[in-house]
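Place chains B and C on chain A using the hints.
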Amino acid sequence: MSAATLEADQLAAVPARHRRATRGQKAWGSLQYALLICFAIIVLMPAYALLVTSFKRQADYDQSTAWQIPTHWSVEGWVAAWGTLAPAVGRSLVMAIVAAAVSAMLGSLNGYVFAKARFPGSHVIFVLFLFGMFIPYQAIMIPLSGLMLNIQDGAPWFSGIPTLILCHIIYGIPICTLIFRNYYATSVPTEIVEAARVDGATTWSTYTKVVLPISPPAFVVTLIWQFTSAWNDFLFALFLTNQTNGPVTFGLNALASGQNPNYPQIMAGVLVASLPTLLIYIILGKYFVAGLMSGSVK
Amino acid sequence: MVKVRRWLPSLAFVAPSIILIGIFVYGFIINNIGTSFQMVRTRSGRLKAPGGFQNYTDLISDPRYQHALWNLLVLTVTFVAGTMFFGLLWALLLERGVRFEGAFRSLLLFPMAISFVAAGVIWRWLLSPARGSNAVGLNQLFQMVGLDGLQSSWYSAGRFNMAAMAIPAIWQLSGYIMALFLAGFRGISEDQREAARVDGATEFKLYRYVLFPQLSPIALSALIIVGHMSMKMFDLIYSIAGQSSYTAEVPATLMWTQLFQLNDPTAAAVNATLLLLIVAVAVIPYLVYTNRTEKGVR
Amino acid sequence: MRGKKLAALATASLLVLSGAACGSTTESGSADATTPASTPKAGGAGGTVGVFTWWADGSEKKGLDALEVMFKKQYPNDTFQNLAVAGGSGSNAKAKLASDLKNGNPPGSFQGHAGAELMDYIDADQVEPVDDIIKELGGESVFPKTLLDKLTVDGHIYSVPVDIHRANVVWSNTALLKKAGITSTPTDVAGWLADLQKVKDSGVATPLSIGGTWTQTELFESILASNLGADEYSKLFSKDGKWDSDGVKQSIEQYKKALTFANTASDGDDWPNATDMVADGKAAYNVMGDWAVAQFEMKGKTYKTDWDAFAMPGKENIFDFLADSFTLPAGTKNPGGTQDWLRFVGSKDAQTTFNKLKGSIPPRTDISSDGFSAYQRSAMKDFKSSDTKIVSSIAHGAAVPLAWSSEINTAMSKFYQDKNTDNLVSALVASHDKYAQ
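Residue numbers (the numbering used here), protein chains in the order written: chain A, 11 to 308; chain B, 16 to 313; chain C, 639 to 1075.
Okay, chain A solo, but in the shape it has when bound (with noise of 0.2 Å):
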């Protein structure tokens, strides 16, 4: 499947095709409707259970009604949740972004090569790269942590935030090149490549002049997909980062593990610690959606 470009408009609503609709169709019609609504309350039920949760004061916290909605409404638990969460939140931004632009910029260069400026091997290595997205992180984890530390021995600043960017970076590069080669091989008619060659262009400034500038929707749906994956990291943080350094995963899960449970607060945080990637769900959702559609490979 090459739905692995960027054509999320493929899920762009169809009009309606049934002009002439039969008693049945019209009981499957209903039918449909009723199967959509449910599963949408279905899926919505934790949030629901989230949301009302946060707005309750810590006082009014009862189990027996937690399923209602709060008696006093209340931001309580969201102030406190922004006070425990802030910093990690300001942390997992840094990184998040950092962690994007630079996997995005090596993404792109690899994804040129690959599609359209191959050298012997390169199929081999392209293969190579793909499986690397696909390995459970505890097989590299051992000695990832073990050098990091060796890293972070020498140069203290190290710790934290940096050592994850990198991590990022690096475990980034697979899902990226993918993206990008992907875009390239179908975005980018070979002809213009060729011509740009044969009149003399080098490899680097037919991709500064020809390829990058048509580059920005790669790079829209990039930049997206590993934001997200960043942001929503823990495997890397509960390994490499302690909750004075790590990202607001880390904080998240120290929050709701802590011993005397504050609900409203930790649910308030789950929503603290999820806003920035429902925001970019919400706003830029066609890109998102187009990033989890080139996360099938091909």
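Only pairs whose alpha carbons sit at most 25 Å apart, straight line, appear in this in silico SDA-like list of lysine to any residue:
(1) C:Lys894 x B:Arg146
(2) C:Lys939 x C:Gly696
(3) B:Lys18 x A:Thr200
(4) C:Lys1022 x C:Phe948
(5) C:Lys740 x A:Asp163
(6) B:Lys220 x B:Ala210
(7) C:Lys937 x B:Ser148
(8) C:Lys1057 x B:Asp77
(9) C:Lys773 x C:Gly688
(10) C:Lys895 x B:Gln166
Ranges between beta-carbon positions, derived for each pair:
(11) C:Ala680 x A:Ile107: 50 to 56 Å
(12) A:Glu201 x B:Phe68: 52 to 58 Å
(13) C:Glu870 x B:Leu292: 42 to 48 Å
Example chain B residues on the side facing chain A (calculated, C-beta under 10 Å, incomplete):
(14) Ser25
(15) Met127
(16) Ala145
(17) Gly257
(18) Ala267
(19) Leu274
(20) Ala287
(21) Leu290
Since the hints were made in silico from the structure, they are not lab data.
Computed from a predicted model, the values in this text were never measured in an experiment.
Each residue gets a CB set at the ideal place from its N, CA and C atoms; glycine is no exception.
For chains B and C alone, coordinates are given in the frame of chain A:
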């Protein structure tokens, strides 16, 4: 020479990534495998790991590891079956264009924008095993709507407890599978449907013989993506069941326990290597297959 | 073809890069470091003492902060460096400590549960004995002999205890007991089980509250120690411990019975929820370490009025202990400073101040109980009493090394599922055979 001059810049473009992936993916994998074969003796002379393949047989014959493997199997089967079922069902409900399609699609897909850790926090509460007057989460909800019989211990008890752990995972990823299938349906031209209808095919036959066969590459992609995610699943289990839960243990979480609770990096390395092997067995044929077919096309 | 060669080349160079692959290694600290004889110097030996703890929050942090202030005053030559790491899921901190120890770059001192939990460090020669300091502090004249025995590994003591907690305490809700007509404290486990039945009959749905796996292990070990008595219980952890004895089996049966009175828990449930159930009157009993006091106080409940506490009853008065302690890492840069720190945390002043703030009790028995809370005073009295037998906690690493206690926890978690006594016995026997030495 001319040829070399032509592709050398390409190689230079990709070189940084090749080096990084080479060291951080393949180098580390090899290093980890090395660790997994080590013999470890404490200074007082106690043998902590016998070394060689015996490290592997020791872990594989450990009932705790077998229990983790069983859990992984139950989790993976339920998770894959669940996401494929709901993903396809939702895609079918949406694919022919319904009113508010965009809204439904966004709602069904939104859990994908949230991190596993954040989702884990809320699902930990939803899947609490307490019943009766102590019930919270889903058990409490069932009581409220009069379905007391549906109360469950969820992931906390039973031989197939990990099927319950798959519920939050299904919640998060069904929308993704839906999006994949939806893109697939939209990629099939309207003419084919019309042609089939003209030939007098029923709707059922249309799907069975015309549409579904064309979706099989997508189904395969979806299967691999969800399957390998399941094998790697760590964040969700860690944040729902807590660190070092035995009941909900899978190899990925056991590796953390071996490293940090049991102080046994050798066993952790063995476990990680086996996990890599399990994932590789599923993914490598797929990568080779898809990339071969692609080569044929281009 | 050429591509293949390239790939082969890349792989080969990686093999080189990855360095020492297969082979054998020895876990090691820096072996050459030997501790200079301890010669206390007025005002301290000078230099920096980095102290690694998990005390970054709450009452523990308050206690540590107070220690820091006092230490600076008493040892003005030394520079205290607080290396506290927020605990919970701080695996990175654990990895850091482990790698620092392995690379011969240890902190000045690090916190660990006293007793068998230090085994891994001792085994790898990563910590050194502190016998001299214990002796200098007063040895058996200030620490109970039984406690020192429990801290001794191969004839040496490897850490200085700074606080003591008791794990085998039964917490109760006075109102619910009154309602059930229970007026006296039971005298053995069977009596306690009978009381649980009475509570149940009085209409309480969950007479006993439990939390995740380790809280279940703690409940089990309390019952076990009560039934076996101190000597037999302590013998379980030696080479000729009998985990399939009648006493163990009877304890498992009683533990199983106790679980029938309890709420449904999942592995990861933490203890405060379970203790809260007693504080809130949802459960009559909870077995928990005495850090539970803080939970009752937080809920604004009063000792003896709203809640009460007694040690799990049995043929002896058992004090199932765990202790936080500080070590002397092998090869630490400034051993003189570390020794100052150890002398300090073992001192009367430091232990008084710290334990008042943390809610635990001092390991030293020459400290007046003035100014401690009512519960702490009763625990101190018990701890000192010659009738009391001190035993080590399994759940908290005092009795067995980490790997062993983790295996026991796994067995407990399995038992919680299948309630099969034979399976539990064979799992306990197997883990004993694997780890006892």
